[in-house]
Structure formats: C-alpha cells, structure tokens
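Visitor: Top to bottom, those sequences are chains A and B. Mapped onto my numbering, the consecutive letters of the first sequence carry residue numbers 1 to 404. Mapped onto my numbering, the consecutive letters of the second sequence carry residue numbers 1 to 404.
Misleading hints may appear alongside valid ones.
One copy or any two copies: either way a pair holds, since identical chains are not told apart in the list.
Calculated lysine-lysine pairs in the DSS-like style (CA-CA distance at most 27 Å, straight line) [to be verified]:
1. Lys24 to Lys329
2. Lys266 to Lys237
3. Lys20 to Lys322
4. Lys117 to Lys2
5. Lys26 to Lys322
No lab work stands behind these hints, which were simulated from the structure alone.
2 protein chains.
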Amino acid sequence: MKKLNIGLVGFGTVGQGIYKVIGKAKNAHARIARICVAHPEKKRPDDVASAMPLITGNYDELLADPEINLIVEVIDNPDDSYEIVTKALKKGIPVVSGNKIMIARNLPELIDLQREKGVPFLYDASSCGSIPVIRNLEEYYDNDLLLEVKGILNGSSNYILSRVFDHGDKYEDALKMAQELGFAESDPTFDIEGFDALFKLIIITVHALGVYVSPDDVFIYGISKISDFDIRWAREKRAKIKLVAQVVKISEERFTMFVMPEFVEKHKYIYSVDDEYNGVVIRGECYDRQFMFGKGAGSLPTASSILSDVMAIRRDYRYEYKKMSYLDKAEYTTDVMLKVYVRYRQTDIPALLPFSKISEKYTSEQDNYVVGEINLADLIAKRDLLNAEDVFIINIPRFFIDRD
Amino acid sequence: MKKLNIGLVGFGTVGQGIYKVIGKAKNAHARIARICVAHPEKKRPDDVASAMPLITGNYDELLADPEINLIVEVIDNPDDSYEIVTKALKKGIPVVSGNKIMIARNLPELIDLQREKGVPFLYDASSCGSIPVIRNLEEYYDNDLLLEVKGILNGSSNYILSRVFDHGDKYEDALKMAQELGFAESDPTFDIEGFDALFKLIIITVHALGVYVSPDDVFIYGISKISDFDIRWAREKRAKIKLVAQVVKISEERFTMFVMPEFVEKHKYIYSVDDEYNGVVIRGECYDRQFMFGKGAGSLPTASSILSDVMAIRRDYRYEYKKMSYLDKAEYTTDVMLKVYVRYRQTDIPALLPFSKISEKYTSEQDNYVVGEINLADLIAKRDLLNAEDVFIINIPRFFIDRD
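Work out the full structure, taking the sequences as your base and the hints as a guide.
Guide: Here it is as structure tokens:
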C-alpha cells in the first residue's frame with residue numbers, strides 16, 4: 001500500500017490533534033507533509049513545535065505539491081472549506097474532511113464530484129467525532145432493514161443539560177461552565193439551537209436512507225429557552241430532557257426527521273449519555289436496537305476518527321452511497337403526528353397551535369402547558385409562535401401516526 | 001454488482017432467520033438458491049415452508065452447483081463446519097460463517113487459505129451477533145491506537161446473572177429460566193463456563209491486535225459456582241458480577257487476555273448491559289472508550305449480521321488482517337498481576353494460592369474469602385485448586401501491573 005503524504009489544512013485544536021495522532025500511529029505509513037493555516041505567523045503550543053517548518057499560509061501550495069496525495073481539511077469556515085475541498089477533488093486528490101456544515105450543505109454536489117473524478121472523499125469525523133456512525137451506516141447497515149437513527153449528536157448542549165439534570169445547576173451557570181471548559185463556543189447558538197446536530201443528521205440520513213434533505217427543510221428547536229418549570233416537569237416524571245436528533249421511517253414509503261428537545265425516560269439508551277458524550281441508537285428490522293457511545297468531539301477523539309479515514313484512504317476505500325440508488329427509497333415527509341409538551345406564559349398556545357388532540361392542560365398564575373398531538377408540518381408553519389420568548393416545546397416520543 | 005446465489009448450510013434457528021432476512025432485504029440482490037441440512041425429511045415451521053423445495057441433505061450438491069457463488073454456513077458442529085468451509089474456500093467459493101468454535105480453533109489456517117485462494121471469508125456474526133465488532137476492529141480501529149477490547153460476549157450467562165442481580169432470582173432458577181427461554185442450551189456448559197466468550201475473544205484479538213492465541217492458552221473461569229455469599233458480597237458494594245472477556249495491552253510490547261467473572265461497579269459501561277444483551281468497550285489512545293451495545297444472539301439479530309457480511313461479499317470486501325503484519329505487534333503474556341476475590345470453604349486458599357499480597361481476609365464458620373494480588377500465570381498453574389467445588393474467583397478490575 002502507498003505511503004500517504006498529507007497536506008493538512010487547519011491547525012487549530014483538531015489539526016494539532018491530527019498532527020499528534022499521526023505521530024503515534026507508527027503503522028499508518030502516513031506523515032503530515034505540509035500544513036496550511038490562516039495565520040502562519042501565529043505562535044503554536046510547544047508540543048507541536050516540530051510542525052512549524054511545515055506551515056504555509058497558502059493552500060494552493062499544498063494542492064500544487066506533487067508529493068501530497070491526501071488533503072485533510074479541518075478548518076471552521078464552511079466557505080473556505082468548500083473551496084479547498086472541491087479544488088482538491090477536481091485535481092484528483094483524495095480528501096478527508098470534518099466540516100459538517102460544508103458537507104451537509106453541499107453533499108449532492110460533492111457526491112457528483114467524487115463520482116466524476118473517481119476520487120474518495122471521507123468525512124466520518126464530521127458526525128459524532130470518534131463514534132464510527134457514517135462508516136457503519138454505509139458498510140454494515142447497508143441494507144433495507146434500517147428503520148431509525150436517533151441520538152445525542154451534540155456534546156455541548158448535552159453537557160449543559162447534564163449539568164442541569166444530574167447536578168442541579170441553573171441553565172445559565174451550566175452554559176457558562178461549558179464555555180469555560182471549551183465545550184461550547186463564545187457564541188453557543190450553533191450548538192444549543194440544534195444546528196450542529198442538524199448538520200450531522202443531514203449527513204447521517206444520506207448514509208442511513210440514501211436521501212439528501214436540505215438543512216432548510218428540517219425542523220430544529222434548541223434548548224436555550226428551557227426553564228426551571230420544564231426541568232421540574234420532567235424531573236417529576238423521573239425523566240431527563242435531552243436534545244435529540246432523529247431520522248425515522250414511519251412507513252415503507254416515508255420517513256421524517258427533526259432535532260428537538262425530547263422527554264427521555266430512564267429505560268432509554270440515550271438516558272445515560274451524559275456530559276459531553278454522544279450516543280446513537282440504530283434501529284432496524286431483525287437486529288432491533290444497536291447503541292454506539294463515545295466522545296463526540298474534542299481534539300484527540302476527532303483526530304482519531306480522522307486517522308480512521310486516513311487509513312481507509314490508504315486502501316482506496318470510498319463511500320459508495322449504495323442506498324441512493326435503491327429503487328424504493330422512502331421519501332422525506334413532515335406530514336407526521338407528534339406528541340408534544342408546549343409550555344407558555346402569555347402566548348395563547350392552545351388557541352394558536354392546531355393540536356389535533358389535547359390530552360393534558362395545565363394553567364397557573366405564571367406557567368402553563370399543554371400536552372397534545374400535532375402535525376410536524378404545523379409546527380414548522382407556526383415556527384414564529386414557537387420562537388416566542390415564553391414558549392418551549394419538548395417532544396414526547398411515543399409513536400408516529402402516519403397520515404396515509 | 002453481481003447477484004448472489006447463496007448455498008445455505010444449516011437451517012436451524014439462525015438458518016431460518018437468514019432465509020427470512022434475505023427475503024426482506026429487497027435491495028440485497030441475493031437469494032437462497034439451495035439449503036443443505038442434516039435431516040432433509042424433518043418438518044420445518046410454516047413461515048419457512050417456501051424453502052422446502054430448496055433443501056438437500058448433501059452439501060457437495062451446493063459446492064458443485066455452478067450457480068452458487070456464496071456459501072453461508074450456520075451449523076453447530078465445528079468439525080462439519082470446518083470441512084464444508086475449507087472445501088468451499090479451496091474451490092474458490094466465498095464463505096460467510098457464524099461458527100465461532102471452528103473459526104477460533106482454525107483461524108491461522110483459514111487466513112492462509114483465504115490468501116492462497118484469494119477468496120473472501122467473513123464471520124462478523126460469530127462474535128456478538130448483531131454488534132459489528134469484527135468489522136469495526138478490522139476497518140475503523142485499524143491502527144496502533146487500540147489498547148483494550150472488553151465486554152460481555154455471552155448472552156446466556158449474562159441473562160442468568162441479570163436475573164440474579166436485578167430480579168433477586170436464585171442462580172439455579174435463573175439458569176432454568178434461561179433454558180426455558182432458549183437462551184441457554186440443555187447442556188449450558190459452553191455458555192456459563194466461558195467457552196463461548198473465549199472463542200469470540202480469540203477471534204476479536206486477531207482483529208484487535210493482529211495476534212492469534214490458541215484457545216487452550218487462555219484462562220477462562222465460568223459462573224456456575226457462584227454462591228449467595230458471592231452475590232451478597234458484590235451487592236453490599238453496590239456492584240454486579242458479570243462474566244467479562246477482555247484483551248488488554250499492558251505495555252507497548254505485551255498484552256494479556258482472559259474470561260472471568262468480574263466485579264462491575266455502577267459507573268462502568270458494561271454495568272448496564274443486562275439480560276441477553278452483549279456490550280463491548282473498545283478503548284484506545286486518543287479516542288478513549290467506545291461502547292457498542294446490542295443483541296448478541298438470536299435468530300434474526302444473528303441473521304441480520306450475516307446479511308451485512310453477505311452484502312459485503314457482494315462488493316468483494318475481505319478482511320485484510322493488516323495488524324498481523326505490523327512490525328511491532330504486542331506479544332501475548334500471562335505474566336501479569338491481577339487483583340482477585342477468592343471465596344472458599346474447606347480448600348485452604350490463602351495457603352495454597354501464591355498471592356503476592358493479601359489486602360483483605362474474611363473467615364467465618366462457613367464462607368471465607370481473600371482479596372489479593374496474584375499472577376495470572378499462577379492462576380493457570382493452580383487451575384485444579386480453583387476448580388474445587390467450594391471455590392469461586394472474581395476479578396476486581398483495578399490496574400495491570402506489568403512485571404517488566
């Protein structure tokens with residue numbers, strides 16, 4: 001097998017992790033040949049000082065280097081990522097990337113490009129860090145049996161909710177702690193409003209069911225407006241609230257997907273996914289539920305996932321996207337009934353949300369809530385209502401009622 | 001990709017499951033072409049009645065059929081399995097097998113045969129049923145970072161211990177219930193004495209560390225002699241006793257492996273692996289711990305794992321056993337210190353077992369125990385002593401002391 005000379009793009013936390021991990025993996029027959037960064041003059045930590053002579057500020061130097069036979073791209077900016085990744089693929093250079101935003105937004109085009117150029121593009125690190133979700137969906141669950149992929153895909157929001165539910169912290173304190181520990185960014189919107197989980201879910205769905213759904217077409221709802229009242233309500237029922245992403249076949253012909261806070265009871269696998277961990281449940285006919293659990297983010301866990309992709313490139317592995325060519329693929333729908341809890345203060349939720357059935361109603365001088373059945377499409381249509389400051393919604397998993 | 005015409009050998013629980021699963025997997029482009037069984041005249045359940053015209057009593061018919069391009073072998077008898085599998089591979093026919101005993105005993109020869117004939121032989125179903133352990137060790141954790149694979153690999157013994165610890169059943173009642181439910185055979189020795197877990201561990205070790213260790217060279221200890229005293233001792237410490245198989249790198253150069261009852265505390269991932277489930281923890285540098293959980297046995301879960309291998313054969317996937325050619329593979333050793341609990345009545349354990357250190361000692365009119373450190377090689381040497389009716393040993397995981 002060939003020796004890999006890697007052009008590494010990005011040398012932040014993950015990039016430095018990759019530099020260290022590749023150094024440890026003696027049998028990988030891979031080395032970092034060049035590193036491209038936005039600010040070549042910036043001081044780097046001592047433990048990666050040996051990388052300094054490899055650094056350049058111009059990624060075209062990496063693409064032009066005839067020795068470099070793999071680009072590993074781990075920068076934050078999705079636009080730059082898109083430019084570098086597509087340029088490399090067009091030049092016939094294999095790429096490993098961890099940029100979930102860029103991938104989720106451009107996957108159809110990237111798939112076409114891979115096929116046209118016959119060059120591999122791997123990105124297992126983009127979804128759930130060190131948990132091999134993409135690879136297993138692509139290779140092991142590559143058949144018609146798969147019914148559902150559901151899990152905790154964002155470590156930052158899960159850390160915050162764990163602090164709230166397991167340690168009794170206030171949401172604001174937990175968020176601050178997550179930021180101090182580096183689990184959440186200074187602008188935590190991306191994590192806590194569900195975007196990070198959404199982008200991962202988009203990628204997962206391509207490999208789970210062979211269907212690409214645009215991120216714009218999927219309902220997401222974050223955790224930032226969770227209140228003590230909601231927390232108490234869940235606790236009284238001995239449950240936790242977690243931010244859950246899911247894609248579910250509701251019939252032979254149709255599937256749905258969304259990211260929402262969910263009422264999680266103790267007997268569920270994801271109940272015990274705490275702190276910054278990720279956990280994914282893969283459900284199928286015949287094998288029932290498989291649960292995978294591990295570190296979803298962080299420098300070295302993400303880097304170890306990148307290493308797995310690098311090793312796969314060495315043996316010319318590529319995703320085949322076989323499910324995309326299935327004849328009887330399920331179609332994406334938002335026309336599906338959910339059971340939800342909606343808490344509100346002044347917004348008149350029972351009057352304004354078109355519940356098909358309300359099974360519980362609670363009013364008080366301050367907080368009120370209803371539990372009822374509602375169509376996901378109606379939740380999407382009433383997005384503004386749900387965005388009101390006094391409103392919070394939680395999915396109560398029970399069953400999906402397919403309207404057909 | 002080619003269409004697969006499968007010659008199925010064995011039509012018991014798993015074989016019938018495969019027949020059903022292949023029927024469900026419309027996009028598999030695979031069909032069962034012939035079925036070989038020991039007793040062709042035997043009546044089969046109604047839901048597989050359509051298979052009856054495919055049945056023969058002579059497996060040579062399958063091997064001679066030019067249409068058949070894959071043998072799926074799921075019979076119990078390891079000698080017959082060996083004969084059929086090697087004959088098929090020698091004829092250049094790919095094979096998928098679930099026979100852990102046969103594979104664990106003959107893996108070096110089977111690897112040579114695959115290489116010589118250039119024909120794939122897959123067996124993910126042989127270890128942990130529907131959990132993709134082998135495939136992930138082979139493909140995703142195919143690098144130097146792996147440190148440990150540890151888990152509950154036998155569903156029957158775990159079911160029994162779950163009944164005892166979670167439901168307060170007596171061991172004998174739990175064993176009987178497991179037999180009635182079909183989790184344990186009428187001769188349960190294979191499961192409860194650790195042989196089943198051992199054979200799986202042998203296979204896992206080849207794919208985890210690239211080293212084949214003969215089953216005869218590995219210490220195993222079953223759960224059949226567990227007593228109320230042992231159960232109470234663990235319960236008082238809020239722990240469970242589980243039958244755990246593990247292979248662990250204790251240094252860069254050496255690894256050890258064994259199957260033993262283990263003291264499992266609540267914070268461990270495998271603590272919550274209950275009933276007939278399997279759970280595997282994969283630990284490595286950088287990614288820390290990955291946990292995989294699912295159904296380890298049963299007709300349809302095993303069949304779904306076989307389906308994954310069948311689909312992999314369709315795209316000419318084969319195990320490459322890359323780690324076997326690593327230059328600096330770790331070597332197997334039993335020269336490693338363990339911390340153990342040994343309960344006894346008349347056998348004078350403190351005098352007869354060469355503990356290097358005893359940290360606890362309890363004597364009473366009936367049951368006595370010591371907790372101490374002892375070399376694994378000494379446990380193997382004193383096997384007869386540990387086999388005495390009044391003795392039971394439990395591993396207390398703590399750390400490994402490498403003697404070097």
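Visitor: Confirm or reject each hint.
Guide: Right, here's what the structure says about each hint:
Taking identical chains as interchangeable, the C-alpha atoms of Lys24 and Lys329 lie at most 27 Å apart only when they sit on different chains, with a minimum of 14 Å there against 42 Å within one chain. Taking the shortest Cα distances, Lys266 and Lys237 sit within 27 Å of each other both inside one copy (10 Å) and across copies (23 Å). In the homo-oligomer, the alpha carbons of Lys20 and Lys322 lie at most 27 Å apart only across protomers (22 Å), although the nearest pairing inside one protomer, at 34 Å, exceeds that limit. Proximity of Lys117 and Lys2 under a CA criterion of 27 Å is satisfied in both settings, with 20 Å inside one chain copy and 24 Å between copies.
Taking the shortest alpha-carbon separations for Lys26 and Lys322, only the inter-copy value of 13 Å comes in at or below 27 Å, while the best intra-copy value is 33 Å.
Figure legend: structure checked against the earlier numbered hints; every hint is met.
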